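Residues per chain, in single letters:
Number of protein chains: 4
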Amino acid sequence: MDLQIKGIIPPMLTPLDSMADIDEKGVRNLVSHLLSGGVHGLFILGTSGEAPGLSYGLRKEFISLTCELVNKRAPVLVGITDTSFEGSLEIANHAKEAGADAVVVAPPYYMPITQKEMQAYLENLSRELPLPFLLYNIPSHTKLHLAIETVKKAKELGALGIKDSSGDMLYLYSILDEFKDSPNFSIITGTELFMPELIMNGGHGAIAGGANIFPGLFVDLYNAAKQKDFEKVAVLRQSVMKLYKTIYNVGNSPAKIIIGTKCALSVLGICNDYMAPPLTRFSASERKKIEMYLGEIKELL
Amino acid sequence: MDLQIKGIIPPMLTPLDSMADIDEKGVRNLVSHLLSGGVHGLFILGTSGEAPGLSYGLRKEFISLTCELVNKRAPVLVGITDTSFEGSLEIANHAKEAGADAVVVAPPYYMPITQKEMQAYLENLSRELPLPFLLYNIPSHTKLHLAIETVKKAKELGALGIKDSSGDMLYLYSILDEFKDSPNFSIITGTELFMPELIMNGGHGAIAGGANIFPGLFVDLYNAAKQKDFEKVAVLRQSVMKLYKTIYNVGNSPAKIIIGTKCALSVLGICNDYMAPPLTRFSASERKKIEMYLGEIKELL
Amino acid sequence: MDLQIKGIIPPMLTPLDSMADIDEKGVRNLVSHLLSGGVHGLFILGTSGEAPGLSYGLRKEFISLTCELVNKRAPVLVGITDTSFEGSLEIANHAKEAGADAVVVAPPYYMPITQKEMQAYLENLSRELPLPFLLYNIPSHTKLHLAIETVKKAKELGALGIKDSSGDMLYLYSILDEFKDSPNFSIITGTELFMPELIMNGGHGAIAGGANIFPGLFVDLYNAAKQKDFEKVAVLRQSVMKLYKTIYNVGNSPAKIIIGTKCALSVLGICNDYMAPPLTRFSASERKKIEMYLGEIKELL
Amino acid sequence: MDLQIKGIIPPMLTPLDSMADIDEKGVRNLVSHLLSGGVHGLFILGTSGEAPGLSYGLRKEFISLTCELVNKRAPVLVGITDTSFEGSLEIANHAKEAGADAVVVAPPYYMPITQKEMQAYLENLSRELPLPFLLYNIPSHTKLHLAIETVKKAKELGALGIKDSSGDMLYLYSILDEFKDSPNFSIITGTELFMPELIMNGGHGAIAGGANIFPGLFVDLYNAAKQKDFEKVAVLRQSVMKLYKTIYNVGNSPAKIIIGTKCALSVLGICNDYMAPPLTRFSASERKKIEMYLGEIKELL
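Chains as they are written, first to last, in my numbering: chain U, 8 to 308; chain S, 8 to 308; chain C, 8 to 308; chain R, 8 to 308.
It should be emphasised that the hints constitute simulated quantities derived from the structure, not laboratory data. Please note that the accuracy of each hint is not assured.
Since copy identity is lost for identical chains, a pair holds within one copy or between any two.
Said to hold, decoys possible - Calculated pairs, DSS-like style, for lysine-lysine (alpha carbon to alpha carbon, straight line, at most 30 Å):
#1 K295 to K123
#2 K187 to K296
#3 K295 to K67
#4 K252 to K233
Computed from a prediction, not measured in an experiment: that's the story for all the values here.
Based on the provided sequences and hints, a complete structural model is requested.
Okay, here's the thing in structure tokens:
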């Protein structure tokens with residue numbers, strides 16, 4: 008297995024017409040938008056993909072459709088995190104059949120658990136997985152900030168790397184330091200603003216939500232960071248900062264980044280802005296703001 | 008619909024032989040143990056029932072089996088909380104068919120959400136539920152401490168009452184005060200030590216995990232509280248306090264109360280102590296402690 | 008030393024004309040109001056007394072004045088918590104000279120520390136204290152929730168008891184259980200709504216902020232709880248609940264309970280409503296609310 | 008006033024022989040060690056300086072001694088944060104008289120307060136300060152994460168800049184973005200690992216605890232970052248990372264970074280390792296570790 012996770016991998020949104028219906032045209036548009044933007048892979052059914060809010064049936068349908076549309080032009084990673092061990096495996100097996108390249112695993116998120124319990128869980132799960140896996144740290148949603156020991160255990164069990172969405176830069180530096188002699192173990196940030204530093208310090212890429220809207224911006228930023236072109240990084244980062252201050256900052260839902268991103272894709276004519284429960288789409292006035300912000304950012308680019 | 012939730016309602020554990028197999032003999036024993044202990048109802052597939060860790064198939068099988076065994080001798084409440092709206096409905100519909108009496112609803116627990124989002128969620132869900140529902144507040148697991156406004160909204164939508172497992176006694180007093188003129192709206196604590204005060208101040212009952220082991224103790228405590236027999240309450244409460252200090256306090260898992268309770272049931276010969284992932288059963292030395300503690304508590308009773 | 012801390016001990020507010028000037032007439036009025044209300048002691052320079060916001064000079068002046076006015080009619084407890092060990096001792100020595108009866112000690116509150124560090128601190132401090140001490144648990148302000156082990160250590164070092172303002176009823180029950188064979192070790196709640204249960208379960212009293220305004224109400228509630236007159240407790244508790252919902256709930260400062268209480272004393276003509284920095288007195292419209300609420304509560308009494 | 012805060016400014020430790028006695032020889036050695044290491048200024052009586060644990064008398068003595076020893080060779084900043092407004096002013100006035108250049112202000116740290124309360128506090132305090140001030144954000148100790156609005160207010164009131172010790176890199180990026188058109192408003196990190204990125208993105212310096220031990224390392228790192236010499240930054244940062252993993256990581260006190268740093272200075276023969284209460288110096292075995300780690304880091308340099 009010589010898949011290495013790196014570059015810009017958007018956590019692809021899940022276009023929906025209702026909680027039971029995929030917006031197929033939207034998926035088609037979005038896949039095309041992302042691949043033509045030059046991204047290095049897709050991560051579907053993560054937090055931004057609203058996976059836990061979707062039925063297993065819908066998740067499987069979405070996996071099949073996406074893999075078919077991507078048609079091996081880029082690696083597809085599939086989030087399988089679920090509170091049920093068997094549920095996770097069911098999704099993983101479907102991903103394998105559909106032609107996905109890897110799965111992404113975070114702690115089962117209902118029960119608060121210990122690092123030891125998580126390590127045992129990974130040991131049991133990894134044994135049955137039909138595809139290689141990327142570990143996923145997102146304590147705001149799973150209640151567990153994965154200790155370095157747990158990441159090391161995952162690596163021993165064959166993990167391809169870790170995606171960190173803790174927002175904790177000290178942690179990210181510790182991870183970089185810990186695995187500096189294992190360049191094939193991918194260190195991926197889920198906090199897009201941290202990407203340039205991560206790349207310049209030996210990390211591998213970003214699962215950057217904003218790349219759903221502006222894939223090219225993030226690919227350019229990644230390349231500038233790879234080339235240590237600091238001036239260009241500084242300029243491009245301003246656009247990312249602008250995203251944080253505008254599109255990511257409408258309304259007061261803790262999920263406003265995801266809702267704002269889907270609304271932006273809808274404004275761009277790419278897909279429907281329907282959100283799976285418990286989230287709800289933006290109001291007309293909130294959508295107006297997104298429209299305005301999109302215009303402002305496009306001028307920067 | 009004149010079901011009123013009250014009294015001692017154990018959050019029944021889910022006896023398992025493996026993650027895919029129900030321990031049927033264990034279920035039979037446990038139902039019999041609880042009903043002969045005089046409990047006023049059963050709450051299955053809650054947090055103590057490890058519901059999120061079980062596949063939908065297993066959950067349904069367990070609902071059917073329990074309803075059949077209970078055979079209308081006591082109300083059966085079924086936890087349907089799930090991150091997927093459709094998943095919740097699927098379980099609810101199965102519960103209706105199996106003959107359950109009500110469902111229990113907590114916030115979908117992956118995405119942190121606002122009170123407004125939760126209210127909209129309840130509005131949409133309640134419209135489709137085939138059975139009446141009890142609202143369930145457990146912020147340690149769902150990340151949302153239900154505001155009084157949200158509880159009032161649930162009541163408007165027909166909720167039978169609220170189970171509060173926040174451990175926040177000031178909140179419980181606020182709830183009691185808010186609904187003091189609605190005696191049919193059940194106020195149930197999930198913190199068993201708070202039960203006597205709750206009952207003496209107009210509350211209705213407890214979903215008390217310890218009643219899995221000692222149903223009679225909790226029923227006696229409930230009756231003593233109903234009769235305002237303060238001396239008896241004081242004596243019986245000592246046994247509950249002892250549970251906290253012993254059986255609930257082995258190991259260091261955040262789920263140690265549930266694991267300890269299942270281990271105790273296993274020591275008593277009632278059911279298997281298998282835990283669904285990500286939890287794991289106690290080690291031999293931890294089990295020894297549970298054995299010893301059970302002996303000590305039995306002497307108190 | 009046979010002082011036992013019990014009953015209703017208001018955490019007396021500090022009447023001020025400015026950050027440098029005590030409102031002497033206000034102090035006189037307030038001491039008189041409290042003692043004629045039948046309280047069992049006074050606790051000055053606690054959190055409600057805004058002690059950390061006052062200069063040492065002002066604190067000493069206030070101690071002297073209060074002790075003189077009380078003139079041994081009730082025990083006076085003096086808060087000495089400070090981030091500086093020498094500062095704490097300085098206040099304690101002044102309290103001794105002024106005729107106070109005991110001091111109150113919480114963790115020094117700038118540095119987050121461990122239980123072990125707190126135990127060592129208590130060991131060193133208690134050795135030099137000129138008066139007996141009450142331990143004070145208020146993790147919201149000191150960042151340390153005192154473990155049972157730390158409370159036991161304090162008791163070994165001679166502590167008269169513990170005041171708990173954590174709001175954590177499970178903790179309070181654990182404390183009651185732990186010290187049930189030491190009836191002289193006073194267990195005092197700083198959460199006034201918990202007082203009846205505390206008293207009925209073997210506890211000793213309350214440092215109840217609301218007793219600044221309505222000392223008689225709290226003394227009556229204490230007596231009803233002592234006599235296990237449950238009906239009377241239920242009636243009186245409604246007035247306390249009303250305080251929480253009204254006077255304690257104006258504005259959005261985390262210190263709104265203290266600001267509201269001082270405003271109420273000002274409305275009653277007892278003292279000035281000046282708050283030491285960083286707090287600020289209520290606006291005219293907030294004060295109007297306090298006036299209205301005071302009227303409503305007086306009707307209940 | 009044209010002081011600009013920038014470069015490496017160690018938060019100088021306070022060498023003590025006891026809680027009442029300054030280790031004067033240690034202060035002399037430490038000032039000399041830091042200045043000869045090339046630092047751009049000194050920040051005394053901050054968190055690392057254990058200021059809140061020291062009496063006012065000792066703080067004043069330390070200010071006078073340090074200012075005298077520095078003798079205008081570098082700017083001296085003095086922490087004046089205190090829970091008492093008058094206490095803060097007293098220290099500030101002494102700092103002015105002793106010849107210090109600026110003061111450092113964090114929220115008064117006992118009462119949790121709102122942003123509005125903090126803004127009013129700054130407005131009142133700044134009016135009376137005899138020296139310019141640097142704002143200081145350290146929510147772990149003060150309970151208040153200063154909002155951008157509060158930082159803007161401080162700037163309007165004349166603040167020289169902000170020191171951020173939140174460890175929150177997203178916040179730091181927001182601050183950089185907010186003040187990008189005010190290059191004289193100094194943005195200083197208290198998280199030393201973040202310094203290179205901060206400098207390369209327009210920030211001004213670091214109040215870096217590790218510069219107490221290795222001033223030259225941090226000055227070199229600062230210069231490399233200023234010159235955008237990324238290779239050199241990467242090499243030097245490894246030594247800083249090593250500090251985190253070793254000297255900052257002994258024992259389990261939340262203050263272990265400060266205790267470890269003082270122990271290291273003691274091992275180096277610079278000053279006594281006495282800690283003001285509630286902290287305590289390392290045990291012999293912990294000191295052994297510090298000795299070993301110092302050796303390892305020196306080899307890297």
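Do the hints match the structure? See the list:
1. For a Cα distance limit of 30 Å, the shortest separation of K295 from K123 across copies, 21 Å, qualifies, whereas the shortest one inside one copy, 48 Å, does not.
2. When the C-alpha separation of K187 and K296 is checked against a cutoff of 30 Å, the pair qualifies only between copies, where the shortest distance is 24 Å, while the shortest distance within a copy is 43 Å.
3. When the C-alpha separation of K295 and K67 is checked against a cutoff of 30 Å, the pair qualifies neither within a copy, at 34 Å, nor between copies, at 45 Å.
4. In this homomeric assembly, K252 and K233 come within 30 Å of each other (Cα to Cα) both inside a single copy, at 26 Å, and across copies, at 27 Å.
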